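Protein chains in written order, with numbering that gives the first Met the number 0: chain Z, 0 to 327; chain V, 0 to 565.
Treat each hint with caution, since some may be false.
[Claimed, not checked] Reference listing, derived: stretches of chain V covered by chain Z, where coverage requires no fewer than 3 residues with Cβ under 8 Å from a Cβ of chain Z:
1. 17-26
2. 100-107
3. 465-475
[What the hints assert, rightly or not] Distance ranges between label pairs, derived from CB positions:
4. Z/L154 / V/G122: 54 to 64 Å
5. Z/I247 / V/G122: 26 to 36 Å
6. V/R384 / Z/C146: 43 to 53 Å
7. Z/N209 / V/I290: 48 to 58 Å
8. Z/N209 / V/K62: 20 to 30 Å
9. V/A345 / Z/S259: 28 to 38 Å
10. Z/R89 / V/K286: 28 to 38 Å
11. Z/S259 / V/F347: 46 to 56 Å
Keep in mind the hints are simulated off the structure, nothing from the lab.
Computed from a predicted model, the values in this text were never measured in an experiment.
The beta-carbon is built from N, C-alpha and C at its ideal position, and this holds for glycine as well.
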Amino acid sequence: MKSAVVYAVKKLLIFFAGIFVLSIIVFVMSRIAPGDPLVSYYGDRAEKMSASEKAAARERLGLDSSVYIQYIRWVGNAARGNFGISYKYRQDVSEVISRRLGNTLMLGGISFALVFILALLLGWFCARFEDRLPDRILCKTGTFVSCIPEFWLSLVLIFVFAVTLGVLPGGGAYDPGHSGDALNRLRHLVLPVAVLVMSHFWYYAYPVRNMLLEQTHADYVLTAKAKGMSSGAVMLKHCIPNIIPSYISFMAVSVPHILSGTYIVEAVFSYPGLGTLAYESARYGDYNLLMVICLLTGTAVILSNMTGQAIMEKINPAISAQKRGENL
Amino acid sequence: MNKLLEIKNLSVAIDTHYGKKDVLRDICLEVYPGEVLAVIGESGCGKTMLCKSIMRLLPRSAKIVSGSIIADGEDITGYSDRKMQSLRGRLLSMTFQDSLSALNPALSVGHQIGEAVSLHRPGLPKAQVRERVIELLESVEIHNPEQVYIMYPHSLSGGMRQRCVIAMALASEAKILLADEPATALDVTVQARILQLLKKIQKERDMAVVLVSHDPGVVAGIAHRVAVMQEGRIVENGITKDIFAVPRHPCTKSLLKNKPDFSKKSEISGETLLEVKNLTHDFVINKHSVIRAVDNVSFSVRKGEIFGLVGESGCGKSTLARCIMNIYKPYAGEILYKGINVCDKADFRSNRKILQTKRQIIFQDSSSSLNHSMRVADIIAEPMRLCGISPKRGTYLKEAEFQLYHVGLNSDFLWKKPAELSGGQRQRVAIARALSVEPELLVADEPLSSLDAAVQAQIVNLFNHLRDEHGFSFVFISHDLSMVKYLCHRAGVMYKGRLVELAPVDELFSNPLHPYTRTLISSVPDTDPASDWLDRFDRSGQDSFCTEGIFTEVSAGHFVLMEVHT
Numbered sequence: 000m001k002s003a004v005v006y007a008v009k010k011l012l013i014f015f016a017g018i019f020v021l022s023i024i025v026f027v028m029s030r031i032a033p034g035d036p037l038v039s040y041y042g043d044r045a046e047k048m049s050a051s052e053k054a055a056a057r058e059r060l061g062l063d064s065s066v067y068i069q070y071i072r073w074v075g076n077a078a079r080g081n082f083g084i085s086y087k088y089r090q091d092v093s094e095v096i097s098r099r100l101g102n103t104l105m106l107g108g109i110s111f112a113l114v115f116i117l118a119l120l121l122g123w124f125c126a127r128f129e130d131r132l133p134d135r136i137l138c139k140t141g142t143f144v145s146c147i148p149e150f151w152l153s154l155v156l157i158f159v160f161a162v163t164l165g166v167l168p169g170g171g172a173y174d175p176g177h178s179g180d181a182l183n184r185l186r187h188l189v190l191p192v193a194v195l196v197m198s199h200f201w202y203y204a205y206p207v208r209n210m211l212l213e214q215t216h217a218d219y220v221l222t223a224k225a226k227g228m229s230s231g232a233v234m235l236k237h238c239i240p241n242i243i244p245s246y247i248s249f250m251a252v253s254v255p256h257i258l259s260g261t262y263i264v265e266a267v268f269s270y271p272g273l274g275t276l277a278y279e280s281a282r283y284g285d286y287n288l289l290m291v292i293c294l295l296t297g298t299a300v301i302l303s304n305m306t307g308q309a310i311m312e313k314i315n316p317a318i319s320a321q322k323r324g325e326n327l
Numbered sequence: 000m001n002k003l004l005e006i007k008n009l010s011v012a013i014d015t016h017y018g019k020k021d022v023l024r025d026i027c028l029e030v031y032p033g034e035v036l037a038v039i040g041e042s043g044c045g046k047t048m049l050c051k052s053i054m055r056l057l058p059r060s061a062k063i064v065s066g067s068i069i070a071d072g073e074d075i076t077g078y079s080d081r082k083m084q085s086l087r088g089r090l091l092s093m094t095f096q097d098s099l100s101a102l103n104p105a106l107s108v109g110h111q112i113g114e115a116v117s118l119h120r121p122g123l124p125k126a127q128v129r130e131r132v133i134e135l136l137e138s139v140e141i142h143n144p145e146q147v148y149i150m151y152p153h154s155l156s157g158g159m160r161q162r163c164v165i166a167m168a169l170a171s172e173a174k175i176l177l178a179d180e181p182a183t184a185l186d187v188t189v190q191a192r193i194l195q196l197l198k199k200i201q202k203e204r205d206m207a208v209v210l211v212s213h214d215p216g217v218v219a220g221i222a223h224r225v226a227v228m229q230e231g232r233i234v235e236n237g238i239t240k241d242i243f244a245v246p247r248h249p250c251t252k253s254l255l256k257n258k259p260d261f262s263k264k265s266e267i268s269g270e271t272l273l274e275v276k277n278l279t280h281d282f283v284i285n286k287h288s289v290i291r292a293v294d295n296v297s298f299s300v301r302k303g304e305i306f307g308l309v310g311e312s313g314c315g316k317s318t319l320a321r322c323i324m325n326i327y328k329p330y331a332g333e334i335l336y337k338g339i340n341v342c343d344k345a346d347f348r349s350n351r352k353i354l355q356t357k358r359q360i361i362f363q364d365s366s367s368s369l370n371h372s373m374r375v376a377d378i379i380a381e382p383m384r385l386c387g388i389s390p391k392r393g394t395y396l397k398e399a400e401f402q403l404y405h406v407g408l409n410s411d412f413l414w415k416k417p418a419e420l421s422g423g424q425r426q427r428v429a430i431a432r433a434l435s436v437e438p439e440l441l442v443a444d445e446p447l448s449s450l451d452a453a454v455q456a457q458i459v460n461l462f463n464h465l466r467d468e469h470g471f472s473f474v475f476i477s478h479d480l481s482m483v484k485y486l487c488h489r490a491g492v493m494y495k496g497r498l499v500e501l502a503p504v505d506e507l508f509s510n511p512l513h514p515y516t517r518t519l520i521s522s523v524p525d526t527d528p529a530s531d532w533l534d535r536f537d538r539s540g541q542d543s544f545c546t547e548g549i550f551t552e553v554s555a556g557h558f559v560l561m562e563v564h565t
């Protein structure tokens with residue numbers, strides 16, 4: 000019991016240390032990167048302002064002091080839950096983000112779940128037909144599809160399904176006036192999700208196939224068959240359960256991979272999510288917004304990595320048994 | 000009597016990159032109810048393939064080319080996989096060679112045996128399946144079945160795992176049990192117990208058993224009939240007694256007589272080369288547990304002597320070897336090599352050159368102790384380069400060639416990589432590497448355990464030759480007592496980190512004093528089928544011996560750990 004608490008505290012410390020380091024890097028990098036925050040605050044007017052006006056505006060926005068002072072001020076405010084305002088939207092950052100977060104979670108979550116299930120099923124299918132025609136066809140097409148760039152695939156799908164056939168919407172999260180209509184939202188999700196799933200599933204299906212083959216070539220499969228089990232039952236009761244934990248931890252670690260995919264897809268489909276927001280804020284130097292988006296993404300990455308690691312540590316019966324010290 | 004299993008002219012071929020390769024050729028065998036048929040032969044002769052063809056569990060690249068397998072009156076050669084499923088377990092069951100990989104590492108032992116039970120009797124309620132599993136575990140002489148039930152394969156010892164695998168094969172009450180090397184890779188005492196168990200089970204259940212082994216000694220005490228295989232063919236087949244008494248085929252003869260014979264062991268000079276004094280080494284697992292791998296061990300090795308160290312796996316033999324070679328720093332005690340204390344940093348530094356070149360080690364697993372990306376020539380010459388020894392024969396290449404010739408390999412091998420060599424050839428390269436700097440002391444850590452009997456004999460002969468010609472001293476570590484008996488002058492028996500007995504080999508085998516030594520010696524398989532060593536082998540199952548006491552000299556050169564009665 001005590002060790003569990005120690006374990007949790009350790010992990011929590013690592014987590015906060017990670018976030019802290021990340022915040023410094025993002026803060027400094029955003030200051031170094033080109034882009035004028037005044038443009039996002041004042042829009043076109045910024046270009047007509049005189050030098051003294053600009054200086055006054057900077058002072059008002061607290062951008063005149065050195066990066067270190069700015070950072071310390073930011074940390075102080077953030078600790079009290081105040082992440083500042085977005086220069087572009089002239090609203091609290093938390094408010095701007097909360098409107099978009101749901102959209103991204105929806106897109107990312109559905110895609111992630113589909114990739115997760117599809118990869119397992121296809122990997123299983125390939126392992127079942129090891130090196131025979133179905134496996135070979137799927138391996139080739141899988142590699143091919145995963146090599147198509149996401150933005151290009153998105154454009155082709157938009158062209159075919161939205162422009163030519165007109166069966167699906169080609170962008171946005173919902174039609175104007177239909178923001179509460181779940182069906183309408185789902186229709187808008189079909190193409191972005193399709194792109195994400197197509198460009199990601201093979202990255203996971205192929206390792207699943209190989210992990211399963213490693214299992215089916217193991218001697219214990221022969222033992223199970225010698226008992227009189229059918230190949231299907233051996234696969235279902237021995238091989239798949241054996242790879243599931245490592246598969247889950249593997250998928251947990253790959254959350255950032257799919258997350259980065261959603262950002263690209265959002266930009267192409269002009270889907271109002273965190274991805275488009277991150278892109279804009281970085282481009283126009285909307286510092287406060289950028290910070291929070293980066294920290295959110297960072298949190299997701301660190302958390303998923305830590306989850307994967309924790310699962311890995313927990314599943315291995317050899318490790319946990321050794322800790323308990325039971326050996327005959 | 001009805002034949003339970005009949006194999007007629009069976010041929011099996013494997014598709015390889017180089018075309019078809021025959022692995023089984025024209026095999027004819029019969030198995031009658033209630034008999035034990037042993038199949039012996041060197042590794043790679045197709046014994047396992049034969050079992051897998053009977054079970055129809057061949058890899059996909061292997062095909063039955065011709066012949067038929069008739070089990071219980073039915074020709075099963077053309078059976079579909081589905082039809083075979085109903086036969087596996089019900090009629091035929093099999094245990095596989097390596098019990099660790101033959102069990103699913105992620106499921107408890109009880110669960111896996113339970114699976115076999117429920118496959119055999121579908122619809123049996125869970126509680127009864129469990130009861131049956133416990134019963135099976137008891138029948139293979141596991142004394143704490145309830146505990147073992149919930150354990151995972153990795154936390155069981157090799158012997159326990161083998162018992163569980165046998166229990167699994169018994170679960171479905173098959174008529175024929177195919178046991179593929181059930182006793183290989185186990186300690187001799189455990190091996191004897193497993194053989195006893197198989198014999199008992201076979202008698203009780205009146206099963207037919209096909210026992211596959213590379214060691215004739217293993218099968219001699221059990222088998223009614225023996226078939227000898229060589230390169231996929233059965234070269235000799237008959238009643239055990241006849242075959243062992245009058246082997247006809249050269250392959251059988253070499254199998255039965257694989258031990259090198261050299262009755263005369265040359266004399267040794269009295270000079271002490273290596274002295275180990277009160278050596279103790281601990282492994283710290285974590286704050287709470289410390290394992291004492293080597294506990295207060297003292298012995299000495301004279302110049303030109305082959306000193307044997309025997310004991311079951313995990314008794315500290317390898318740790319001791321590594322301490323001698325400065326791989327581990329001992330926790331306490333002294334190791335003196337020619338009077339130099341090798342554990343002392345200052346002493347070591349001032350005598351670095353002699354300590355590093357004159358002591359060499361040969362590791363157990365030759366495939367992992369050689370760098371796979373290096374060529375044999377470089378592997379052999381590397382120690383010389385590192386020690387800055389200029390090649391006496393002109394170039395390092397010539398030097399490597401000479402060493403290869405020495406261990407019986409020709410110069411073609413210079414350009415090969417370890418992966419292209421067989422186990423025996425690799426071990427020879429490892430020996431050549433150790434010899435290249437002309438050492439005086441060779442520590443050989445189980446150099447033979449991964450090799451075939453014929454190759455073992457070659458290597459042992461090589462060792463003996465090296466000793467006679469060049470006056471090397473050896474510390475020869477082995478769990479194979481017969482090798483130690485043939486090769487060594489003196490031997491020490493280790494048990495749980497303690498040296499329990501130390502004596503000249505002849506004295507040790509004729510007059511073992513410590514109970515553990517006695518058990519160890521009585522568990523060595525006897526190749527005489529008439530011998531009843533298996534029945535005589537201590538059935539009480541005594542697994543622990545006293546490790547407390549004082550190491551006392553009872554007669555000249557014969558030391559034993561004596562219990563102190565207070």
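These are the hints, each one checked on the structure:
1. Taking a C-beta to C-beta cut-off of 8 Å, the segment 17-26 of chain V contributes 0 residues in contact with chain Z, too few for the three needed, and the coverage statement is violated.
2. Counting residues of the segment 100-107 of chain V whose C-beta sits closer than 8 Å to any C-beta of chain Z gives 7, which meets the bar of three, so the coverage hint holds.
3. Counting residues of the segment 465-475 of chain V whose beta-carbon sits less than 8 Å from any beta-carbon of chain Z gives 0, not enough to reach three: the coverage restraint is violated.
4. Separated by about 58 Å at the C-beta atoms, Z/L154 and V/G122 satisfy the suggested range of 54 to 64 Å.
5. One distance hint, 26 to 36 Å for the beta-carbon pair Z/I247 and V/G122, holds here, with the actual separation near 33 Å.
6. Separated by about 47 Å at the C-beta atoms, V/R384 and Z/C146 satisfy the suggested range of 43 to 53 Å.
7. A hinted range of 48 to 58 Å for the beta carbons of Z/N209 and V/I290 is inconsistent with their spacing of about 37 Å.
8. The hint said 20 to 30 Å for the Cβ distance between Z/N209 and V/K62, and at roughly 26 Å that hint holds.
9. Distance hint check for V/A345 and Z/S259: the Cβ-Cβ separation is about 58 Å, which falls outside the suggested range of 28 to 38 Å.
10. Taking the beta carbon of each, Z/R89 and V/K286 are about 58 Å apart, not inside 28 to 38 Å as hinted.
11. For the pair Z/S259 and V/F347, the beta carbons lie near 55 Å from each other, so the given range of 46 to 56 Å is met.
Of the numbered hints given earlier, the model fails hints 1, 3, 7, 9, 10; all others are met.
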